[in-house]
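There are 2 protein chains.
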Amino acid sequence: MKKIAVLGTGSVGRTLASKFNSLGYQVMIGTRNVSDKLANKEKDSYGNPPFNEWCELNENIKLGTFAETASFGEIIVNATNGGNSINALELADKKNLSGKIIIDVANPLDFSKGIPPCLIPELSNTNSLGEEIQKKFPESKVVKTLNTMWCGLMVNPSMIAGGDHTVFIGGNDNEAKKQVTKLLISFGWLENNILDLGDISTARGTESVLPIWLRIWGAKQNGAFNMKIVS
Amino acid sequence: MKKIAVLGTGSVGRTLASKFNSLGYQVMIGTRNVSDKLANKEKDSYGNPPFNEWCELNENIKLGTFAETASFGEIIVNATNGGNSINALELADKKNLSGKIIIDVANPLDFSKGIPPCLIPELSNTNSLGEEIQKKFPESKVVKTLNTMWCGLMVNPSMIAGGDHTVFIGGNDNEAKKQVTKLLISFGWLENNILDLGDISTARGTESVLPIWLRIWGAKQNGAFNMKIVS
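Protein chains in written order, with numbering that gives the first Met the number 0: chain A, 0 to 230; chain B, 0 to 230.
Wrong hints could be hidden among the right ones.
Just so you know, same-sequence chains aren't split out, so a pair can sit in one copy or run between any two.
Simulated crosslink set (DSS-like; lysine-lysine; CA at most 27 Å straight-line) [unchecked claim]:
id, residue 1, residue 2
1, Lys134, Lys42
2, Lys227, Lys181
3, Lys134, Lys99
4, Lys181, Lys219
5, Lys219, Lys177
6, Lys40, Lys219
7, Lys40, Lys94
8, Lys219, Lys2
9, Lys93, Lys135
10, Lys112, Lys61
11, Lys94, Lys2
No wet-lab data here; the hints were simulated from the structure.
Turn these sequences into a full structure, and let the hints guide you.
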């Protein structure tokens, strides 16, 4: 089984790292500064427990810098804050990403104008984070997926509606999309519900789900929902 | 029954006008220049038949300028091209819109950068067409709805998935939303599937569905799909 590198230690990164670990993968989780991250004993802004507590509960999961983690991984998961993703991947170092699949689950949210956040103008509408990563790391194979839902559902779709709802996938490399599709199926996604939208420019579409997702969340006050495309 | 004014003679306006007519409403459809519109014997860019042919098939539906139509209607439907909606509503004249519900089904699509279109920057992300209409016409009650799907489904949701899928609604005036909800139910929408997202700023969410809608359309090559929010 391939070694998995998860970049980002927020709830999305933790959830994905734990899931891959539970499926038997060797997993490393990467952060900007390991000692700072472990020294921080505060809950984060989403109320997640301090990272060191999570590490104690997930002792099989290695911890490293972005570069150490990317070097370890055969498949890279970008679960960093969308506004910092390019910088995080630059710290991970192009040579550690070259030839590898980058599963990009991040969204380019801009919290500077209040809540709910908008999208970062330079990374939306006529661009997207997924495309920007593919442009900056042309020797990697970026696959955009899972970014349209709460992280609890990403790894446990059967939690709602009998698992019968939709996850999108997009990317330029068909073989990479096939590999990621297998991972999604291993998470519990039904093959019929994995909707391949096409190349990485379709990330403009999936990242644009966030504005509607945030309003549905506002109406429901609960993140355990998803969209099912029906026809 | 209230008199309905539909502004816009594209497929969306035609479809909504015909539906209201079939439900027994008095309907007028409005266009910028009536004689020009009737004189044009070409199919439009979407392949719709010339407008005069549609008029012959819908002889109960009155035809007028934007102002005549808005003056006639007790409820206004904005089905104009999103990029021209503010101008069309200005031509309709504030005094003809005052105190009335404007059901805004338009999307601020920008075709200037190619296909699929992006959103008009000034009317997206930190603004929306729905909000802009509400700002420009503060004495009207703007209700954003139906803008997240192909027009055939707007008026005939039972065409797919047994009618069990989602339509969003947003606006500042709760009484106006109640009235529009009744209209949606008369179209065949199930009350449980009409999701009230909140005030008119939620149009930032529903108008952001277009970028993903366009990519799903690209993958399916068929507009007869919608999203169902499941939880």
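Do the hints match the structure? See the list:
Taking the shortest alpha-carbon separations for Lys134 and Lys42, neither the intra-copy value of 35 Å nor the inter-copy value of 40 Å comes in at or below 27 Å. For the identical chains of this complex, Lys227 and Lys181 are neighbours both inside a copy (20 Å) and across copies (25 Å), given an alpha-carbon limit of 27 Å. In this assembly of identical chains, Lys134 and Lys99 lie within 27 Å of each other by CA distance solely inside one copy; the values are 14 Å within and 49 Å between copies. Taking identical chains as interchangeable, the C-alpha atoms of Lys181 and Lys219 lie at most 27 Å apart only when they sit on different chains, with a minimum of 22 Å there against 31 Å within one chain.
Taking the closest pair of Cα atoms, Lys219 and Lys177 come within 27 Å of each other only across two copies (19 Å); inside a single copy the shortest separation is 34 Å, beyond that limit. Proximity of Lys40 to Lys219 under the C-alpha cut-off of 27 Å is found in neither arrangement, the shortest distances being 31 Å within a copy and 48 Å between copies. In the homo-oligomer, the alpha carbons of Lys40 and Lys94 never lie at most 27 Å apart, since the shortest distance is 33 Å inside one protomer and 60 Å across protomers. Within a single copy, Lys219 and Lys2 get their C-alpha atoms no closer than 37 Å, and across copies no closer than 34 Å, so neither meets the 27 Å cut-off.
Taking the shortest Cα distances, Lys93 and Lys135 sit within 27 Å of each other inside one copy (9 Å), while across copies they are farther apart (49 Å). In this homomeric assembly, Lys112 and Lys61 never come within 27 Å of each other (Cα to Cα): the closest approach is 36 Å inside a single copy and 45 Å across copies. Only within a single protomer do Lys94 and Lys2 lie at most 27 Å apart by alpha-carbon distance; the minimum there is 17 Å, versus 66 Å between protomers.
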